[in-house]
Amino acid sequence: MGLTERTNRNVDLTYWEGEIPVNYVYTYGLGLEAFFRALKEQGKFLASRCEDCGVTYLPARVFCERCLGKLETTFAVPGTGKVYAYTVVHRNVDESPKEEPVVLALVDMDGTDCRFVHYLTGVEPGEVKVGMAVKPVLKAKKDRKGGIEDIVGFAPA
Amino acid sequence: MELERFELGATHYKESDLKEGKLLSLPWTPNLKYAWDNGVAIGRYLAELKEGRIIARKCNKCRRIMLPPRMFCEMCWRPTDEWVYVKDTGRVNTYSVCYVNWDASRIKKGEKPHLPAVIEIDGASPGMGILHLLGEVEPEDIKIGMWVRAVWKKPEEREGAITDILYFKPVRR
Amino acid sequence: MAYQRVAIVGAGITKFVRRAQETGKELAFQAAKMALDSCGLTMKDIECVSLGTAPDAFDGVHMKGEYLADGSGGWRKPYMRHFVGGGTGVFAPIHGWFHVASGMFDTCLVVCSEKMSSCHPHPQGAFKTIFDHTTEQPLNPTLIWIFALEMNRYMQTYGITKEEIALVSVKNKKNAMDHPSAQLPMEITVEDVLNSEVLAWPVNRLDISPASDGAAAIVLASEHVAKRITDKPVWIDGVGWNLDTAYWATRDLAYPRYVEKAARMAYEMAGIKEPQKEIEIAEPYDPFDYKELHHMEGLLLADRGKAVEMLLDGKTQRDGDRPMCPSGGALGVGNPIAATGLMKVIEIFLQLRGEAGKRQVPGNPRCGLAQAWGDLMQVGTVVVLRR
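Protein chains in written order, with the working numbering: chain A, 3 to 159; chain B, 189 to 361; chain C, 13 to 399.
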């Protein structure tokens with residue numbers, strides 16, 4: 003068969019199945035280690051600020067992405083914010099329908115120049131408004147493991 | 189700017205630091221499964237292996253008979269021209285005696301080492317080696333240049349795969 | 013060909029470690045920041061960024077180039093990732109050279125970062141899928157197979173022994189004792205190498221470089237800008253790269269022809285007629301000990317099958333006539349894939365400036381070379397540097 007010939011018989015086409023059989027363990031790195039430890043142990047949201055660029059990062063980082071300056075101090079911000087954008091999700095990752103739709107939002111975090119992507123909780127999809135004030139809902143301290151799931155979601159403030 | 193004058197980055201940790209919770213970490217097992225289309229050349233190659241034959245492709249410009257077969261010649265950069273059956277015998281171009289599995293784990297005690305080899309198949313152009321395994325031979329008896337023959341799975345067990353050849357074993361010439 | 017002359021004016025590197033707590037982007041930041049500090053520049057002075065990093069499957073981060081952008085100084089800059097497997101660490105500076113040589117930019121930050129420790133059960137597992145999925149993977153290959161097969165063919169073709177090759181490992185791991193980034197510096201003997209665990213004969217454990225995390229970075233500048241930054245610029249006078257067929261089993265495994273072609277490209281650009289005389293110091297890529305010899309031959313720094321004689325004569329020692337891998341190489345400093353190649357470029361940069369500290373070779377070399385190698389044993393990447 004020449005390069006430009008075509009076959010319309012699918013049964014002639016064979017395939018080989020395989021996989022990439024690896025798994026991963028990610029460390030959080032210097033920045034996120036500090037952030038998630040504070041969230042887990044004190045329920046605090048740690049930010050860092052680059053004075054040269056006038057940018058406040060949340061979660062805290064160890065460098066400023068604009069000037070590559072080193073950021074050496076962290077401070078707590080309230081963890082509250084305002085809905086910047088949202089979407090109502092009806093399907094799971096595998097495309098199966100969700101029992102109840104969930105609201106995923108970008109939240110402008112107060113006192114910072116960053117947004118969180120997370121779920122909204124305690125609010126009906128039809129009631130969500132862009133600009134709505136929200137506050138974080140954390141898991142009970144004993145259930146917090148040090149990860150993004152320690153935040154259940156953001157609820158209307 | 190001697191490096192010694194700088195405070196160098198990277199903080200080493202031990203694997204046990206994660207288990208002991210000294211450092212936060214997150215595991216992830218991706219589900220990366222694929223079905224790769226065989227395409228024309230490899231599709232035919234596998235179909236012929238199922239029949240107990242090895243097939244190559246010839247380029248009429250450079251006159252190379254190529255294994256594994258391909259629909260284009262990467263040297264002449266033109267379509268190849270003919271299917272050519274080659275033998276299931278050949279010579280060992282190089283080999284290894286391997287005690288490690290694909291994931292860097294070690295083979296079990298008493299288990300025989302893997303014997304990967306590059307085998308130049310008779311009837312293909314010189315240097316046209318394929319990766320395969322050696323068998324029915326002790327590691328210390330393997331020699332570069334040794335003649336070998338394919339040991340096939342039983343016809344009813346073949347599935348159209350490179351593993352339809354179990355391994356290559358030494359033959360006298 | 014008309015292009016701007018390009019100099020390396022600054023360099024940065026992290027320690028190379030088996031497991032780093034830092035994320036890949038934090039490692040990139042540490043190296044990039046040091047490179048800027050080393051020449052007194054800030055990101056305001058940097059016009060574009062060239063990033064090198066090896067397969068996404070190591071870090072387990074899909075689209076790793078985009079992920080690493082912020083730590084590499086890529087924020088709102090012309091930013092591009094370059095990738096040829098293990099050859100990446102010399103490929104990224106070659107692309108940085110393009111950016112500046114073309115006249116499009118006057119400065120470029122080149123960053124290479126790698127975090128292999130995320131990959132389990134072992135980073136080697138990520139290599140399984142570089143083999144052909146239909147005709148090779150079903151045989152359960154490990155990465156070491158292709159090295160073992162190539163090493164065996166190389167030994168057989170030229171009558172070289174494992175004892176001789178082990179001397180490369182002994183030399184490089186010892187050289188690494190003086191490198192502050194080194195992961196595996198050690199004083200060992202040939203017997204130690206031969207008695208270490210056999211992984212895939214003829215490859216023993218001490219014939220191999222380790223899996224590593226780490227990052228490296230350099231700052232490039234055009235001629236008129238470089239002279240305002242430093243009075244010790246090191247010029248990139250030649251670049252070359254070349255790829256061989258992906259059907260690796262059909263290649264001449266005893267001689268890396270593609271490395272020769274890459275070297276000839278770089279030599280022609282640099283006006284080098286007799287590399288054995290003119291290249292005074294080199295960092296050939298040494299993920300396995302035999303590869304240093306194999307690459308010296310491909311780079312035309314030794315005649316075919318004769319690199320081992322230079323080794324046995326002591327010529328490739330740091331105080332020898334033709335020092336090879338004075339840094340300690342991948343075998344001694346470590347092998348965070350892309351960062352390794354750039355570490356080698358940095359070593360030649362420091363050696364030509366006379367700033368290699370305890371590693372400094374005698375004789376005030378004026379011209380050196382760094383090389384990396386990779387993909388499916390098929391790419392050679394070369395830069396020729398002069399002061």
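It is worth saying that the hints were derived from the structure and are not from the lab. Hints are supplied without guarantee of correctness; some may be wrong.
[Said to hold, decoys possible] The calculated SDA-like cross-link candidates involving lysine to any residue, where the alpha carbons are at most 25 Å apart (straight line), are: (1) B/K249 - C/R269; (2) B/K202 - C/K370; (3) B/K297 - C/V210; (4) B/K207 - C/V210; (5) B/K331 - C/N152; (6) A/K141 - B/K249; (7) B/K297 - C/L206; (8) A/K72 - C/D82; (9) B/K342 - C/N152; (10) B/K207 - C/R269; (11) A/K143 - B/K249; (12) B/K296 - C/D82; (13) B/K202 - C/R269; (14) B/K357 - C/P133.
Status of the hints after comparison with the structure:
1. As the CA atoms of B/K249 and C/R269 are separated by approximately 22 Å, the hinted pair is consistent with the 25 Å bound.
2. With a C-alpha separation of about 29 Å, the suggested pairing of B/K202 with C/K370 is violated against the 25 Å cut-off.
3. This hinted pair checks out: B/K297 and C/V210 have alpha carbons roughly 14 Å apart, not beyond 25 Å.
4. As the CA atoms of B/K207 and C/V210 are separated by approximately 30 Å, the hinted pair breaks the 25 Å bound.
5. A distance of roughly 22 Å separates the Cα atoms of B/K331 and C/N152; the hinted pair therefore holds under the 25 Å criterion.
6. With a C-alpha separation of about 71 Å, the suggested pair A/K141 and B/K249 falls outside the 25 Å cut-off, and the hint is violated.
7. Of the pairs offered as hints, the one joining B/K297 and C/L206 holds, with about 21 Å between alpha carbons and a cut-off of 25 Å not exceeded.
8. A distance of roughly 13 Å separates the Cα atoms of A/K72 and C/D82; the hinted pair therefore holds under the 25 Å criterion.
9. For a cut-off of 25 Å, the pair hint linking B/K342 to C/N152 stands: about 21 Å separates their Cα positions.
10. The straight-line distance between the Cα atoms of B/K207 and C/R269 is roughly 47 Å, outside the 25 Å bound, and the hint therefore fails.
11. For the hint pairing A/K143 with B/K249, the CA-to-CA distance comes to about 74 Å; that exceeds 25 Å, so the pair is violated.
12. This hinted pair does not check out: B/K296 and C/D82 have alpha carbons roughly 45 Å apart, beyond 25 Å.
13. The suggested pairing of B/K202 with C/R269 is violated, with an alpha-carbon distance near 41 Å, which exceeds 25 Å.
14. Between the alpha carbons of B/K357 and C/P133 the distance comes to roughly 33 Å, so the proposed pair goes past 25 Å and is violated.
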